[in-house]
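K.L.:
Residue numbers (my numbering), protein chains in the order written: chain A, 1 to 286; chain B, 287 to 572; chain C, 573 to 800; chain D, 801 to 1028.
Hints were generated in silico from the structure; no laboratory data involved. Possibly wrong hints are sitting among the right ones.
In silico BS3-like links for lysine-lysine, alpha-carbon gap of 25 Å or less [what the hints assert, rightly or not]:
#1 C:K676 / B:K481
#2 D:K899 / C:K671
#3 A:K16 / B:K570
#4 B:K302 / D:K904
#5 A:K199 / C:K662
#6 A:K212 / C:K793
#7 A:K284 / A:K195
#8 C:K752 / D:K904
#9 A:K83 / A:K120
#10 C:K757 / C:K697
#11 A:K16 / A:K212
#12 D:K890 / B:K485
#13 B:K571 / A:K16
#14 C:K757 / C:K601
#15 B:K382 / A:K88
#16 A:K199 / C:K793
#17 A:K61 / B:K381
#18 D:K882 / B:K571
#19 A:K16 / A:K188
#20 A:K95 / B:K382
#21 C:K796 / D:K904
#22 D:K882 / D:K829
#23 B:K481 / A:K96
#24 D:K821 / B:K485
Output of the computed footprint for chain B on chain A, the stretches with three or more beta carbons under 8 Å from beta carbons of chain B [unchecked claim]:
#25 18-26
#26 29-38
#27 172-178
#28 206-214
Bear in mind the structure is a predicted one, so any value in this text is a computation, not a measurement. Beta carbons are placed, not taken as given, at the ideal position from N, Cα and C, and that holds for glycine.
Here are the chains, one letter per residue:
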Amino acid sequence: MILLINRAITDILNNKFLYIVSIFTITISIFIVSMFTLFFVNTNKIMDSWEKGIKIMAYLKSDKNIEENRKKILNLYGVKEIKFISKKNALNLLKKQMKRQSSLFTNIESNPLPDAFEIKMINFAKNHKKIDVLASQIESLPFIDDVEYGEKWIVKYINIFNLFKFTGYGICVVFFITSIFIVVNTIKLIFYSRKEELKIMRLVGATDNFIKNPFYISGVFQGFIGGILGILILFIIYLMVLTNVDKEFILDFINVRFLSFYEYIILILCSIFSGWFGCYIALKKI
Amino acid sequence: MILLINRAITDILNNKFLYIVSIFTITISIFIVSMFTLFFVNTNKIMDSWEKGIKIMAYLKSDKNIEENRKKILNLYGVKEIKFISKKNALNLLKKQMKRQSSLFTNIESNPLPDAFEIKMINFAKNHKKIDVLASQIESLPFIDDVEYGEKWIVKYINIFNLFKFTGYGICVVFFITSIFIVVNTIKLIFYSRKEELKIMRLVGATDNFIKNPFYISGVFQGFIGGILGILILFIIYLMVLTNVDKEFILDFINVRFLSFYEYIILILCSIFSGWFGCYIALKKI
Amino acid sequence: MKLEDKIKKDAIIRMFHVNRKYGSVYALKDINIEIKKNEFVFITGPSGAGKSTLLKLCYLEEKLTEGQIIIDGINISRILPKKIPFLRRKIGIIFQDYKLILTKTVFENISLVLEVSGHKISYIKKKVRSILRTVGMEEKINSYPLGLSGGEQQRVAVARAVVGNPEIIFADEPTGSLDKITAKKIMELLKSFHNRGTTVIIATHDNFLINNSYGRVISLKNGKIIKN
Amino acid sequence: MKLEDKIKKDAIIRMFHVNRKYGSVYALKDINIEIKKNEFVFITGPSGAGKSTLLKLCYLEEKLTEGQIIIDGINISRILPKKIPFLRRKIGIIFQDYKLILTKTVFENISLVLEVSGHKISYIKKKVRSILRTVGMEEKINSYPLGLSGGEQQRVAVARAVVGNPEIIFADEPTGSLDKITAKKIMELLKSFHNRGTTVIIATHDNFLINNSYGRVISLKNGKIIKN
Ligand SMILES: Nc1ncnc2c1ncn2[C@@H]1O[C@H](COP(=O)(O)OP(=O)(O)OP(=O)(O)O)[C@@H](O)[C@H]1O
Ligand SMILES: Nc1ncnc2c1ncn2[C@@H]1O[C@H](COP(=O)(O)OP(=O)(O)OP(=O)(O)O)[C@@H](O)[C@H]1O
Ligand SMILES: [Mg+2]
Ligand SMILES: [Mg+2]
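So here's chain A without its partners, still in its complex pose (with noise of 0.2 Å):
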């Protein structure tokens, strides 16, 4: 064991400039898929608050009978929140909102607004469709006079998020492939560049084992060593851009955050992973 480690490090020492071609391969592998996942992690927050925002307003015929009705939407499926909104508490709303034309509201003495729920969804059914059918549920209930949920505008957000969404995770995978790609294809260009090596080893009685786990550990090696240097990266740019820009331009609206604890395992894992695959395959043929 100790002897294979050893021969890894000569190995490595050995062979310096593909080395360091390769490590510094699968650092900018990681610091790209890192700086993706940064910037989806940080967006996926914005759409995240956008989602919340989705609701249904469901507007009552003069029943009285509220917590029984709000019971029976609750049951429906897709429902997950409902809020009872006055008839009182929806003009004093609309007032707040108009500001500048709330004038217009100084000389009403009846209040003409229906009762209303306010119904937020599960995540699951955030769906164009879902909350047509829901929406559909909800009108044919008896005590419900009239329902409205942004329509067009609701329609087209969901599709905003939905684009982003797939996009990102899209982008997301297509990154890691290539990048496991291009490392296993620097790793097998490094072994193309020593297989004369491995042929002499061969024909000196080494087992295929002996050859090939130094190259397993230093290819694991290389990943973890790649990751921590392409998260590095990344997080100086990052403190680089926040003292940079403008604080408040980006702070008061959401909080850039940085990777979490859980996020640089992984991404550490994938770069090992990346090492230890590219060792694999290259390794596979000869």
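We have chain A already, so just place chains B, C and D with the ligands on it with the hints.
P.N.:
Positioned in the frame of chain A, the structure of chains B, C and D with the ligands alone reads:
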């Protein structure tokens, strides 16, 4: 010249594996860059459509010199377009917007709303500080009663636009640089595994140019092929996604488009450049 | 008594109707050789006669086109791939082009053979040093092959071939880059292994080596045996 | 009359107090040699004596530690880098380790020398073929070096060295892998170039070559000249 191209070709044939790896790497890099470009081009359109919505409402004192006042505002830096909204139009708009609550307005006789200008800004001014400045300039005009510009709302959205835009541009630049790095690395590695050959050529009297020119030719060639393949792969994936994904889902919202001819050319030029530049860097130290 | 058992008793290497073709050209044609344990054999012939090819077939760097080769009781065209390393550990090879690993020092190149068969570090260090002394290369123990002269590289190749105390030594032109005095020392070394029971097979075109030595001579020409 | 002009007249190669150190060890120490145009010189000595190093200094593969070497009137430690290729085109080199390009065929390896100096394809094809015939390798014209025997590779290396009709030929152990008959043919080839006016410098440890030949002998040992 024919001899030169001849040598470049035999060179590629003699080192198929190395060239395949290198073209493959360029393909991947261009694929990533162009995927990102595509993503960015399409989301950018969304952002643009949002941006168009940013406007300042300037409420007028009861001054009838509308044309003159409009001109005064138009002279301010950053103003692009001004639309006059009379009090009557404003009320109609309000009624339309509030469908449900429009019953509120049925009994109103006198219109308490003021006349207003809806002011759109040039792109350059779409920054939350610049809007602040412009708004207070407008407010200080004698014929203006009050100014309203979405305040928090607008600031939020402008910040989102900018966050997206800047990280978007940033990611694009980082990609381009890293993919050039990776291509350079790959080509360096290829040179490394062929340095003996180059040394021999030197020893039999080859000049620098004699050695390097075929490499440049094949570098450009690799870049070209890699670029075409990368875009091709992206296009295939794009078609696959487009045929499989629920069409309304995306299309009713924005027209997702593929790259323009102009963008193709840019990408392929970038790819060729990276092949050439990879050679340049790798050859510099030889 | 099986055929293979019978052969094992008296012959360590036996070739039956061995052919090796490259494209349509025969590098070796209908070779039949039997080499006994502890024999000292020269394979000779002009450039391109097939000497190296013959050795390469024995240590499995090249594959047979037709025929059978039995080494130490093992039919090498039927050997399981994972057993090949263990066969090779019984063999010491001096390659015509040395085949030193350029990224490893002289010490590392030689110790590799011992590491492969799992020897202890302390033993390896002692053994490598002593074998380098024998070939007159102890001063270059930490040099890299590219920092050695042609003859020095060849001596390292010799040292690597014999360091594992192999049962069979294949030496392909082991003294081609050496001056007469050093060449004689290397031949003496090979003979001392022979005296300890090793089978030694030397491919060479150098008549001087053959004339000043003892042992059997097999002459090849154009891939065929012309004298045995 | 400047010093360099004077030398040009009678000597094509002249070395003044040449030293070459590797680390703290001298591979060559205080070498003073003058070689006239159209001389035929053997440099001899045991393995590690410094023969190859001496040649490498002349064709600029290695750098001098101290001293001056003047070749064809050019002081090679002061030569402009971009002029080196043109100096090398006047020189034909047979490397001890052949230095064939493994990814190129025999034809491509040899034609490279002619392409480099801008010859026409038709001339190149004819010339390469004829030189391969001379060394007995015309059948292997489309082989790759790894598909050749050791001696065949060496003959390709010889062909490459002489194909450009160089003014000086440096031959480092040019017959080390060749049987006596082929070796003799190669020596004849080198002599025929000598007869046409080429300066030939051969590094070898093979006394047989030297004894059966004509020409001046310079003996090295441990980096010093012991006989001139
Ligand atoms: N991999 C190969 N592909 C094609 N031909 C080959 C290959 N290896 C060897 N040959 C041919 O087989 C013949 C015998 O080669 P071999 O190396 O056995 O000769 P040799 O007797 O060792 O010669 P030398 O004394 O020059 O080393 C040669 O003509 C050579 O060109
Ligand atoms: N690059 C190098 N680094 C360190 N030492 C070197 C280097 N090249 C040669 N030497 C040493 O210089 C000495 C002379 O080497 P050289 O190759 O000139 O010997 P040679 O006379 O050609 O021997 P041979 O007949 O074995 O080829 C040797 O001891 C060698 O180890
Ligand atoms: Mg041979
Ligand atoms: Mg030498």
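K.L.:
Against this structure, judge whether each hint is valid.
P.N.:
Do the hints match the structure? See the list:
no.	hint	result
1	C:K676 / B:K481	holds, 18 Å
2	D:K899 / C:K671	holds, 14 Å
3	A:K16 / B:K570	holds, 20 Å
4	B:K302 / D:K904	holds, 13 Å
5	A:K199 / C:K662	holds, 18 Å
6	A:K212 / C:K793	violated, 41 Å
7	A:K284 / A:K195	holds, 13 Å
8	C:K752 / D:K904	violated, 35 Å
9	A:K83 / A:K120	holds, 8 Å
10	C:K757 / C:K697	holds, 23 Å
11	A:K16 / A:K212	holds, 18 Å
12	D:K890 / B:K485	holds, 18 Å
13	B:K571 / A:K16	holds, 17 Å
14	C:K757 / C:K601	violated, 34 Å
15	B:K382 / A:K88	holds, 22 Å
16	A:K199 / C:K793	violated, 29 Å
17	A:K61 / B:K381	holds, 22 Å
18	D:K882 / B:K571	holds, 15 Å
19	A:K16 / A:K188	holds, 16 Å
20	A:K95 / B:K382	holds, 17 Å
21	C:K796 / D:K904	violated, 30 Å
22	D:K882 / D:K829	violated, 29 Å
23	B:K481 / A:K96	violated, 76 Å
24	D:K821 / B:K485	holds, 22 Å
25	18-26	holds (count 4)
26	29-38	holds (count 4)
27	172-178	holds (count 3)
28	206-214	violated (count 0)
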